[in-house]
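Enquirer: Okay, here's what each chain looks like letter by letter:
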Amino acid sequence: MHARANVTSVLSFSRSALLAAGVALAVLSGCDRGSTPSTGTTGSTGAAGDIVIGHYGSLTGAEATFGLSTDNGIRLAVEEINAAGGVNMGGKSHKIVLKSEDTEGKPEKAGTVVTKLITADKVAAVIGEVASSVTLAGAPVAQQFGVPMITPSSTNPQCTAVGDMIFRVCFIDPFQGYACAKFAASDLKVKQAAILFDQASAYSVGLKDEFEKNFTKLGGQIVAVEAYTKGESNFNPLLTKIRETGAELLFIPGYYTDVANIALQARKLGMTMPLLGGDGWDSSDLAKNGGAAIEGSFYSNHYASDQPTPEIQSFVRKYKEKFGGETPDGLAALGYDAARVLFDAMQRAGTTDGAKLRDAIASTKDFKGVTGTISINEKRDAVKPAVIVEMKGGKPVFRARVEP
Amino acid sequence: MDTLLQTLKDGLTIGSLYALIALGYTMVYGILKFINFAHSDIVVLGAWLSLVIATAIVKALGLESGQTAPWWVGPFVLACAMLACGIIGFTIERLAYRPLRNAPKLNVLITAIGVSLFLQNTGQLQFMFGTRPQPIPTLLSDKVLFAIGNMQVRLLDLVVIGTALVLMIALEWLVFHTKLGRAMRAVSFDVRTAGLMGINVDRVISITFVIGSSLAAAGGFLWAVSFTSIKQPADTSWVLLGLKAFVAAVVGGIGNVRGAMFGGLAIGLLEVFGQQYINPALKDVYVFAALILVLLVKPGGILGKATVEKV
Numbered sequence: 000m001h002a003r004a005n006v007t008s009v010l011s012f013s014r015s016a017l018l019a020a021g022v023a024l025a026v027l028s029g030c031d032r033g034s035t036p037s038t039g040t041t042g043s044t045g046a047a048g049d050i051v052i053g054h055y056g057s058l059t060g061a062e063a064t065f066g067l068s069t070d071n072g073i074r075l076a077v078e079e080i081n082a083a084g085g086v087n088m089g090g091k092s093h094k095i096v097l098k099s100e101d102t103e104g105k106p107e108k109a110g111t112v113v114t115k116l117i118t119a120d121k122v123a124a125v126i127g128e129v130a131s132s133v134t135l136a137g138a139p140v141a142q143q144f145g146v147p148m149i150t151p152s153s154t155n156p157q158c159t160a161v162g163d164m165i166f167r168v169c170f171i172d173p174f175q176g177y178a179c180a181k182f183a184a185s186d187l188k189v190k191q192a193a194i195l196f197d198q199a200s201a202y203s204v205g206l207k208d209e210f211e212k213n214f215t216k217l218g219g220q221i222v223a224v225e226a227y228t229k230g231e232s233n234f235n236p237l238l239t240k241i242r243e244t245g246a247e248l249l250f251i252p253g254y255y256t257d258v259a260n261i262a263l264q265a266r267k268l269g270m271t272m273p274l275l276g277g278d279g280w281d282s283s284d285l286a287k288n289g290g291a292a293i294e295g296s297f298y299s300n301h302y303a304s305d306q307p308t309p310e311i312q313s314f315v316r317k318y319k320e321k322f323g324g325e326t327p328d329g330l331a332a333l334g335y336d337a338a339r340v341l342f343d344a345m346q347r348a349g350t351t352d353g354a355k356l357r358d359a360i361a362s363t364k365d366f367k368g369v370t371g372t373i374s375i376n377e378k379r380d381a382v383k384p385a386v387i388v389e390m391k392g393g394k395p396v397f398r399a400r401v402e403p
Numbered sequence: 000m001d002t003l004l005q006t007l008k009d010g011l012t013i014g015s016l017y018a019l020i021a022l023g024y025t026m027v028y029g030i031l032k033f034i035n036f037a038h039s040d041i042v043v044l045g046a047w048l049s050l051v052i053a054t055a056i057v058k059a060l061g062l063e064s065g066q067t068a069p070w071w072v073g074p075f076v077l078a079c080a081m082l083a084c085g086i087i088g089f090t091i092e093r094l095a096y097r098p099l100r101n102a103p104k105l106n107v108l109i110t111a112i113g114v115s116l117f118l119q120n121t122g123q124l125q126f127m128f129g130t131r132p133q134p135i136p137t138l139l140s141d142k143v144l145f146a147i148g149n150m151q152v153r154l155l156d157l158v159v160i161g162t163a164l165v166l167m168i169a170l171e172w173l174v175f176h177t178k179l180g181r182a183m184r185a186v187s188f189d190v191r192t193a194g195l196m197g198i199n200v201d202r203v204i205s206i207t208f209v210i211g212s213s214l215a216a217a218g219g220f221l222w223a224v225s226f227t228s229i230k231q232p233a234d235t236s237w238v239l240l241g242l243k244a245f246v247a248a249v250v251g252g253i254g255n256v257r258g259a260m261f262g263g264l265a266i267g268l269l270e271v272f273g274q275q276y277i278n279p280a281l282k283d284v285y286v287f288a289a290l291i292l293v294l295l296v297k298p299g300g301i302l303g304k305a306t307v308e309k310v
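From first to last, the protein sequence lines are chains A and B.
Going by numbering that gives the first Met the number 0, the residue at position 40 of the first sequence is 39; the numbering climbs one at a time, nothing skipped.
Going by numbering that gives the first Met the number 0, the residue at position 102 of the second sequence is 101; the numbering climbs one at a time, nothing skipped.
Check each hint, because a few of them may be wrong.
Unchecked claim - With a Cα cut of at most 20 angstroms, we get these calculated SDA-like pairs of lysine to any residue:
id : chain 1 : residue 1 : chain 2 : residue 2
1  : B       : Lys58     : A       : Ala286
2  : A       : Lys287    : A       : Gly324
3  : A       : Lys229    : B       : Phe287
4  : A       : Lys287    : B       : Thr67
5  : A       : Lys105    : B       : Gln119
6  : A       : Lys287    : B       : Gly129
7  : B       : Lys142    : B       : Asp156
8  : A       : Lys229    : B       : Val238
Keep in mind the hints are simulated off the structure, nothing from the lab.
Let the sequences and hints guide you as you build the complete structure.
Expert: Written out as structure tokens, the structure reads:
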């Protein structure tokens, strides 16, 4: 009896010790987070005079390469400006510190992480997200706190309509939809196209509408429009329906993970038509997951890494050096451009005050970016040409350029 | 006609996967009267272990991506995944559920949710499976066996449905024609009396978890080879898969092994036919509408017996 009591007491002791250790760990990690030098308590410039900027993106999940590429692009830009002494504001140089938060690609996470970046990390400006649905959930928070936000690559028109604090450095879907439709009608000479889109994504729905409108205007016919929801595994029923219509082209304005699955299942059903999509396809994982099924398909993008212009080639070289030989995708290039547009505006504004920084970003004109010349228009969007790339040997290769 | 056959084939494939997973829910419920919420995470584990093992073998054999592995790789991977998940199922029962054998049901339920979250988040660690979807290597040649019009029957389709059927028949035989099966049925009837009759209850429960978990692993493996791309462990689509398998178990009559098989096939066919012939956007609606309907009309499930709750 006595021994048994001892055992239980040892057990309960070890349990409480574990609990105590756990609590201590939690407290420690909390402290650690609180004590990083970048978290100034007196505004966006910390004690050391550093400027903190935030990035929220899908660092994990089905769109993980979107967030990771963008983050790499921003990191490269931050490293460059810090190597050059930092952002020069009113004769004083300030180093940039980047804080990145993961959204897992979920709109419901965006509000939380943007609030954290603004209230806890005291960021001067926010960069993010890639997916329009997530940007639409994060933007109202930045707007509410009066912190300027630049989305590098959300193409849905609604994103910058959230408020005057929200900008973007990419083109918008009405143009992207036009670019895809134009390419399908005049380059591929397709008459009948089918659409398979993600009904839960603002990006996908918007791009579908624009493609449909423009393709019909150009004399084509949309023979089927089918909807799926992100994360779907079995596309066979939808594809079987599309197969029956005899479409010559399948337009899939979705994100790369779903696109790779659709391509694999379509080929298994004996559908050999080319697939066409938007910049949501842009990921090294598209070819990794899609393999041969995705070969010979096309998508519109913000740049192609094999274009021979000096800006692009120097960016590709620097990026490869820093990130182990990985070729930057369009999202990395846009992350890089977004960060550089922001630094440029900070230098012109001479302050990180929200309203003044906003005005400086809004007056960005003829900024030489990797993804083209960036001028912010009155709707806070950038007007730029699109490129169409073709999947060849597992890599996107430049095929055509469509002017706005 | 082609479309009808194609839909039927798709429905049977999905349905047999639901059935395999539903069996695990129903067996545990039948014996312990609690819903093992961690079951769908065993499916995920099975799918990812299959991926990891298959990738390792393909690498060891020096195959290029896109090349089909030799015939024995598939069965070998399946066996490994089933064995590993069986052991993990045993461990989970031993460590998480057995200490709570006499605790209120709610405690066990909460523990199950805890185990589920633990498995999901451990799986997301970089040194485990990571946070990105990954494709499984090609384990079976994609040969078209025969075609009826536009409907092609591929080797893969037959293997998936066939494996699921074989496993279900084996389970049916185990439960209804062996001494162990009789013990399992006795325990599910009345745990205390079964114990008094000399049945080693703990052992029977352990075996139930091992069998349920290895069937889940088989479901995960077949899911992986059917849809190639495997979602990251904490992806919400896995939760939905588990939920639908659970619905299948309830529709068939929870606690009833044949009910789970029937329910799985019924739910699979319902979903795919609804998607094809009514509206594809509402595929989840058909499943959950069926659940509500069954609960209203025949709360015990289609093959279940009506029971009076003892108060």
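Enquirer: May I ask which of the numbered hints given earlier this structure violates, with the numbers listed in increasing order?
Expert: none
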